[in-house]
Amino acid sequence: MRIAGWGRYPVIDAEVIGGSRVSDIQRAVRAGPILARGLGRSYGDSSLAARALDMTSLDRFLEFDPASGLLTCEAGVSLSEILRVFVPRGWFPPVSPGTRYVTVGGAIAGDVHGKNHHKHGSFGDHVERMSLVVADGSLLEVSRSQHPELFHATCGGMGLTGVVVDATIRLLPIESRNVEEVVIKAPHLSAALDGLESNADATYSVAWLDCVARGQHLGRSLVMLGEHARDHDLRRRRVTRAARVPIEVPGVALNRGTVRAFNWLYYERVRTSPTRHTVSFEPYFYPLDGVRDWNRLYGRRGLMQYQFVVPFATGREALPELLKEISRSGLGSPLAVLKVFGPGNQNHLSFPDAGYTVALDFQVSRRALELADRLDPLVLDAGGRLYLSKDSRMSEDTFRASYPRLEEFERVRKEYGAQGVFMSAQSTRLGLA
Amino acid sequence: MRVAIVGATSDIAKCCARQWAARGAEFVLIGRNESDLHALAADLRVRSQGRVDVHALDLSTREGIEASVELGFASGPVDVALLAFGSMPSQAEADADPAVAESLLSLNGSMALLAAHLVVLRLLEVNGGSLVVLGSVAGDRGRQSNYLYGAAKAMVAAGVAGLQHRVAGTNVQVLLVKPGPTATKMTRHLQGDGPKLADPELVAADIVAAVAGGRAMLYTPKRWRYIMAVVRSLPRSIFHRTKL
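As given, the protein sequences belong to chains A and B, one line each in that order.
Positions in the first sequence are counted from 1; adding 2 to them yields my numbering.
Positions in the second sequence are counted from 1; adding 55 to them yields my numbering.
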């Protein structure tokens, strides 16, 4: 069966193995090299392998303690399902990436972050424990106190240490399903960075960035802050079926002109700054989930996302250089995002670290790949790195130069026999054993 | 609301149960595999915050079916009884071993109808409640690729029609559901790069709505009603040229 990540680039042929019992997973692991795969929302090749283990049938809740908010569930449970069941009861996932269609296992593997990273860290920071099927097929209880190194290798470890079969995560209490949003217009980059940094006490903050704006408008942004509302509205809503992109849109639909026009409208649409309004959590946290298969908007060749982080110390100088390079390329997407990260954590391959992160979508093309190759050295020189969950093309050298705890990660993988057993197209490309 | 499910760990049953759980239902779950049943029970307890009982039984015998119905009704009146057990070995497996063919016919046909019959007798005693039987579009016309399975489902359909006649004028509802090919564990061998099978969650949403709406027959997804109308009415000379 042909499988691909969310960017639909690259596509590979794989044997997809499924099962709804832990014993199915153990048997599949004992049978040869394999990689767990959830809902396939990572963009590039990190969920791709010749033998892919479809985890979505391990989708049961196991236990919930309303006193502590601790939820134990199988790894194939999606954030969407957690939201559906727990928002009406006043609980929310501790960290929300840009889509709710990710599994708990996938969120752990990518150590995903959301708009609250500066305050609450990444997904792994809210994982209390997990059960992991390791290379010999046995089941290990893994936490910060049991097999702690394996815990820190597994959170953010891209599935390369074993298969997470269940986990206990701490949900966040909420009083409302709504979010109070404040939108601030930032006419250029340093205004955007100031806007984010001066609002560090906001629970959620992110900026939409016009990556085609140039000159004095370089880095023009809408800074969006959010807090869970306190209006006691937890009622269940009728689920509206998402709009769909039924066909692949011809690649020309997203060209320099349309993106420029879209971005101008998007920015100018906001009349007063700051603008305050209350919105439901779905459009606030998961705006693109409203359009199913939106990745098809990027045409047949697929889409790639380029997400980097650069430290505070170098970021204010590096960011304009990076944005100029992007703007000059004439490529660029309507979906560029800028955020300030808080400090990183102990996980070996976790992406977030104190500094500025920018995520951009490009239609896959030779020009986009060349642009990415030009951006890589700028990111590395600034002491930054790229997000593995988005990556489909970085070189082994770039990877090795930017993930300082890689050796530690490989040592733990070796210790637990994971090398040569849990591998992805990405790990092979990046030279992991 | 109390829901009794025989064949509870089937994917369609599981999805239905989750939707009823969201409304706070209590459950009696019956099936073959005890650990699968306990895993589902834990899931439903988290969702419904209500009581969930579990019984593991062999459903391939009359004794097992009788015990299932007995246990299903043991903890009190049942609002919805869902019969979702079954098996679908491939035609090739059935060709190779008559015992496979026999058990396929018995489990999906005789045992399913026997269970439906016993449940309706119980519901008539209290003059209330709903029976939901999972049939299949395969029962609408025998096809070379799965006529044994189809024949068993056709038997259930005829039996259910009789049960519906029997409960006419009472408060008992008997609903026959005919799902089109659905992406479940049972059909995993049919999945791959081919046409997309129906999402069991959408099938379950249709079933839950049909129970609430008091309906007697449900094709889900809805298009199968029209597809099967065509399949049933194709002249043999044309039908035999297809690979269905």
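Just so you know, these hints were derived from the structure itself, not from any lab.
The structure presented is a predicted model; accordingly, all values stated were derived computationally and were not measured.
From the three backbone atoms N, C-alpha and C, an ideal C-beta is built for every residue, glycine too.
Worth double-checking, as some hints may not be accurate.
Said to hold, decoys possible - DEER-style ranges, computed between Cβ atoms:
{"no.": "1", "chain 1": "A", "residue 1": "367", "chain 2": "B", "residue 2": "290", "range": "35 to 43 Å"}
{"no.": "2", "chain 1": "B", "residue 1": "197", "chain 2": "A", "residue 2": "18", "range": "27 to 35 Å"}
{"no.": "3", "chain 1": "B", "residue 1": "292", "chain 2": "A", "residue 2": "291", "range": "43 to 51 Å"}
{"no.": "4", "chain 1": "B", "residue 1": "105", "chain 2": "A", "residue 2": "262", "range": "49 to 57 Å"}
{"no.": "5", "chain 1": "B", "residue 1": "290", "chain 2": "A", "residue 2": "268", "range": "38 to 46 Å"}
{"no.": "6", "chain 1": "B", "residue 1": "88", "chain 2": "A", "residue 2": "15", "range": "29 to 37 Å"}
{"no.": "7", "chain 1": "A", "residue 1": "13", "chain 2": "B", "residue 2": "157", "range": "37 to 45 Å"}
{"no.": "8", "chain 1": "A", "residue 1": "69", "chain 2": "B", "residue 2": "223", "range": "48 to 56 Å"}
{"no.": "9", "chain 1": "B", "residue 1": "105", "chain 2": "A", "residue 2": "121", "range": "46 to 54 Å"}
Unchecked claim - Taking beta-carbon pairs under 7 Å as the criterion, some of the chain A residues facing chain B (in silico):
{"no.": "10", "residue": "64"}
{"no.": "11", "residue": "296"}
{"no.": "12", "residue": "299"}
{"no.": "13", "residue": "302"}
{"no.": "14", "residue": "314"}
Taking the hints in turn, this is what the structure says about them:
Range check, residue 367 (chain A) to residue 290 (chain B): about 52 Å between beta-carbon atoms, so the 35 to 43 Å window is missed. Between residue 197 (chain B) and residue 18 (chain A) the C-beta distance comes to about 32 Å, which sits within the given range of 27 to 35 Å. Checked against the hint of 43 to 51 Å, the pair residue 292 (chain B) and residue 291 (chain A) passes, with Cβ atoms roughly 49 Å apart. Separated by about 56 Å at the C-beta atoms, residue 105 (chain B) and residue 262 (chain A) satisfy the suggested range of 49 to 57 Å.
At about 58 Å, the beta-carbon gap between residue 290 (chain B) and residue 268 (chain A) misses the expected band of 38 to 46 Å. As the Cβ distance of residue 88 (chain B) to residue 15 (chain A) is approximately 33 Å, the hint placing it in 29 to 37 Å holds. Distance hint check: the CB atoms of residue 13 (chain A) and residue 157 (chain B) are about 44 Å apart, consistent with the given range 37 to 45 Å. Take residue 69 (chain A) and residue 223 (chain B): their Cβ atoms lie about 51 Å apart, and the range 48 to 56 Å holds.
In this structure the supplied range 46 to 54 Å is violated for residue 105 (chain B) paired with residue 121 (chain A), their Cβ-Cβ distance being about 36 Å. At a threshold of 7 Å, the smallest CB-CB gap from residue 64 (chain A) to chain B is about 5 Å, leaving the interface hint in force. Given hint, residue 296 (chain A) at the interface with chain B, is violated; its Cβ is 18 Å from that chain's nearest Cβ, farther than 7 Å. Interface hint status for residue 299 (chain A): violated, as the beta-carbon distance to the closest one in chain B is roughly 20 Å, over 7 Å.
Violation of the interface hint for residue 302 (chain A) is found here, the shortest Cβ-Cβ separation to chain B being roughly 17 Å, above the 7 Å cut-off. Hint status for residue 314 (chain A) relative to chain B: violated, with the closest Cβ pair at about 42 Å, above 7 Å.
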